[in-house]
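Enquirer: From first to last, the protein sequence lines are chains A and B. Numbering (numbering that gives the first Met the number 0) for the first sequence: 0 to 623. Numbering (numbering that gives the first Met the number 0) for the second sequence: 0 to 217.
Please keep in mind that the hints were generated in silico from the structure rather than gathered at the bench. Among these hints, one or two may not hold up.
As the list claims (entries may be wrong) - Below, simulated BS3-like cross-link-like pairs (lysine-lysine); rule was C-alpha separation at most 25 Å, straight line:
| id | chain 1 | residue 1 | chain 2 | residue 2 |
| --- | --- | --- | --- | --- |
| 1 | A | Lys482 | A | Lys433 |
| 2 | A | Lys266 | A | Lys323 |
| 3 | B | Lys89 | A | Lys118 |
| 4 | B | Lys56 | A | Lys75 |
| 5 | A | Lys49 | A | Lys495 |
| 6 | A | Lys323 | B | Lys89 |
| 7 | B | Lys147 | B | Lys136 |
| 8 | A | Lys563 | A | Lys617 |
| 9 | A | Lys564 | A | Lys587 |
| 10 | B | Lys56 | A | Lys118 |
| 11 | A | Lys69 | B | Lys56 |
| 12 | A | Lys94 | B | Lys56 |
| 13 | B | Lys62 | A | Lys118 |
| 14 | A | Lys447 | B | Lys89 |
To be verified - Computed far set for chain B versus chain A, every beta-carbon distance over 10 Å:
| id | residue |
| --- | --- |
| 15 | Arg58 |
| 16 | Lys62 |
| 17 | Lys80 |
| 18 | Met107 |
| 19 | Glu126 |
| 20 | Glu129 |
| 21 | Ala131 |
| 22 | Leu148 |
| 23 | Val150 |
| 24 | Ser172 |
| 25 | Gln216 |
Beta carbons: idealized from backbone N, C-alpha and C, even for Gly.
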Amino acid sequence: MKVSRTFRVTALVAIILWTAQCGEEKKKKKKISEKPEVSEEVDPLVEDYKLTDEEKIFWLNKASRSITGKDWPSDKVSEGDLEKSRVETIDELMKDEEFANRVLDFNLYFLGLKPNSIKTSRGTLDPDLISAPNAITSARDLYSGRGYFSLFDLNHPHYLDVYSTDEDYEQVLDQAMIHAKDIVESIVSYTSQTTTFQKAVFCSEDQPIAERSFEIFTEFPVSNYLDETFGFITSEPAQYCSGTTTTPFDGATWAGKVLPKLDALDKALRNVNPGSVTSVMDFPILDASAKELKPNSMLNLRFFLNLPNSSTNYNRRRASYILKRYFCDDLTPINVVAPQSHAEDKHASDPSCQSCHYKLDPMAGFFRERGGAGFDFSQAMEIVLDDQTTIDHDVYVGHWRSGSPDREWEVGYIRSATDESMNSYGSTLEDLFKIIRSSREVKQCLVKRMFSYLVSEKQTMDSGYLNYLTDQLETEAKEDEAKAVKNTMTRILLSKSYSQNSVKSNQCYDYAPGEIAGNRPPCEVAAIFERHCTSCHNAKNASGGLNLAEWSAVGGGEPSFPHKKANAQVSKDDTLASILERITTTNKDKRMPLNIFISSADNEALFRWLTKNLQESKTEGEER
Amino acid sequence: MISIRVAIIAVLALGFVSCGRAPKKHHHQKTSVPLTEVANEEPANFRGYLEVSEILKERVMNKEFDLGSYVGESAYTNYDKVLDLLGGYKSTGLEEEFRNGTANPLNMLLWFKLLSAVADDVGQICEPTEEATAKLKFEDEFAANVAKLCVKQGEGAVGLDDINPVLDQILASDVPEEERLAISEFLVEGLDADQVPSEFVSDVVLAASFNPYFLIQQ
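Given these sequences and hints, build the entire structure.
Expert: Following this line, the structure appears as structure tokens:
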């Protein structure tokens, strides 16, 4: 997360650069409303796995580290600690303010932004954390019981990251304000003295006015992202000089908007002690009374500069991040049944390309108005990308124009290449975040990452158990988001995978209620087969001779699915290869599951499991 | 006599190696477990240098402790070089991923050198020089327990009751009782009557910290 002054300079340069390349005003955006969900009965939390005293002591310390980041508070665990229910213990630990910091740490992990430590060596929170405002808002919401899914929102309050200074803090603020106001006054003074306003003169001063305006924040004792957050306040001169706007620059009007915001910033900074933020709950927020503040977005410069677009990637890097981090979709290239028609110039008509592009391109479309450094070009004639390519705006966004009469844009989260009713279409980035907030895939992804974070990234998780935890989360969240997320954490902290002090990564320890290991197929995929396949491939009705409900040592050989052809058991490798072929074929009459929707995540899990097993089998064969 | 430190390395290194080895599949086991097994087993990641530094800071050392200082770096910056090899989150563009989390000969050697240096520093509690006292600060209770160990010298002088409080403070509840007992007995039985107390303390600390239960994510 450390970016320091280099980032600040880069950010400034980027803002100036991209401001300088905007064109004329144009388009508007549309909004989609979202209906509130209806609440349902909430299931009780169950603690069904009892621990011995030794296991409990191990668990207490581990849970304490997971929830508060510290060892169990007392050196010796008391009788009372051992007798207390684990649910009660978790509940108490979650009241510790360090829990809020741990939630922040997890949120960053979910977003792929987790640093080694959210704290500095002095024990204060890393000021650069404000570059992930969604992680902060969500952690604060959860700790205070207000909610949690703000993690999936686009806009957030302006958090301030105050750093300590060797000089007297108040004095530093005084000096910064005086200097900032001096700059504002000098710009106002210059523009008012120019009797005949001349753009060429205005914009070609020795120290260009546009650049000067960006100096305003440089002396405030706050770190990098303030320039970005507040850059828009002072970007007006730059926009004028670059030709983005044809409205003549009026210094006095500009100053009238800038000065109240500077006062708001000054006031907010005077309310905090420098360098003393040790809890996410303590991050100061800029006074909301500064009404003209642009919302603070999680799609900030850090996001856009790290995920540049170009004349060839067309925002796909940005789309890939969203799919990976929010939907747990690693874009495993599995062939899909190609849709009947493609837009002519899309790089997606080949089935093997289509395997990723069918969902990547529509996701990239949400970013179509964002050019280099994420600058919004919706009002411009041309769009400039990070590779400095300039493309006609209408031609560029036209790549995502829909051929369907049902919608203007071929933009959305695509679950099925052939069944549009499964997909969530939208247009703007606001739409994207509404889709993220309402998608089950995202909740499942959250649960999966929570399990990885609390247990281990390498621990195998039963797919039915994952499904069960997601069901519980979705159901309970309709009543109380914060409680639902805490309950999900609690369930994982109570799990066998978490509680035992020596687990094997390749074994599942936890299942959904009612599911037993027995001769179920391997836990990574058992529930997926149950959901999509076993209605046709079971012991009574083994379509094609294949029973996907069982996994046993058929005919004394190694465990496999019962699979018979001409009354003889098919070898495990042939069975798995046949399943792999059927889930990846682009022939829709042969593609399995037949006429049943299977999510990307499930299909990818099956694909990975099948290819891994077949590869291992091949390797073992070669070793022999 | 083979130095106890060498023995510790050998035993613990074996522990790590077996932790990292992917076992053969058990197709024909008869319990209900094998049927739920999938593919190869993988070892958990290291806790990483930062978490180990934090744990040592909390349990053993003091607020200023920084494991990175032993290699001229800081565990609290993202610009590390040597520490990177010991497991930690590292940026891959926008995203941060845990890297170097699996044991290999190089990072095991580095862990050994680092933790040996920490252990040697703790050993100085037994022979407090002016320089060491000025430089090193320890958690109070831990220092008191180590000081008790320092005065026990000679064959049979050190018992499990002397070693356990020190081990408990380093390992907290990270290690199962059976394993902790095995470490204690190993140290007591391997004690050389002529060994200098500071070296013995150093060995105790090394045995506790250069240990899969301490270094690997639970």
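Enquirer: Next step is simple, just say for each hint if it's right about the structure.
Expert: Hints and how they fare:
no.	hint	result
1	A:Lys482 x A:Lys433	holds (21 Å)
2	A:Lys266 x A:Lys323	violated (40 Å)
3	B:Lys89 x A:Lys118	holds (16 Å)
4	B:Lys56 x A:Lys75	holds (19 Å)
5	A:Lys49 x A:Lys495	holds (9 Å)
6	A:Lys323 x B:Lys89	holds (17 Å)
7	B:Lys147 x B:Lys136	holds (17 Å)
8	A:Lys563 x A:Lys617	holds (22 Å)
9	A:Lys564 x A:Lys587	holds (23 Å)
10	B:Lys56 x A:Lys118	holds (14 Å)
11	A:Lys69 x B:Lys56	holds (11 Å)
12	A:Lys94 x B:Lys56	holds (24 Å)
13	B:Lys62 x A:Lys118	holds (13 Å)
14	A:Lys447 x B:Lys89	holds (21 Å)
15	Arg58	violated (7 Å)
16	Lys62	violated (8 Å)
17	Lys80	holds (14 Å)
18	Met107	holds (19 Å)
19	Glu126	holds (27 Å)
20	Glu129	holds (26 Å)
21	Ala131	holds (22 Å)
22	Leu148	holds (17 Å)
23	Val150	holds (22 Å)
24	Ser172	violated (4 Å)
25	Gln216	violated (6 Å)
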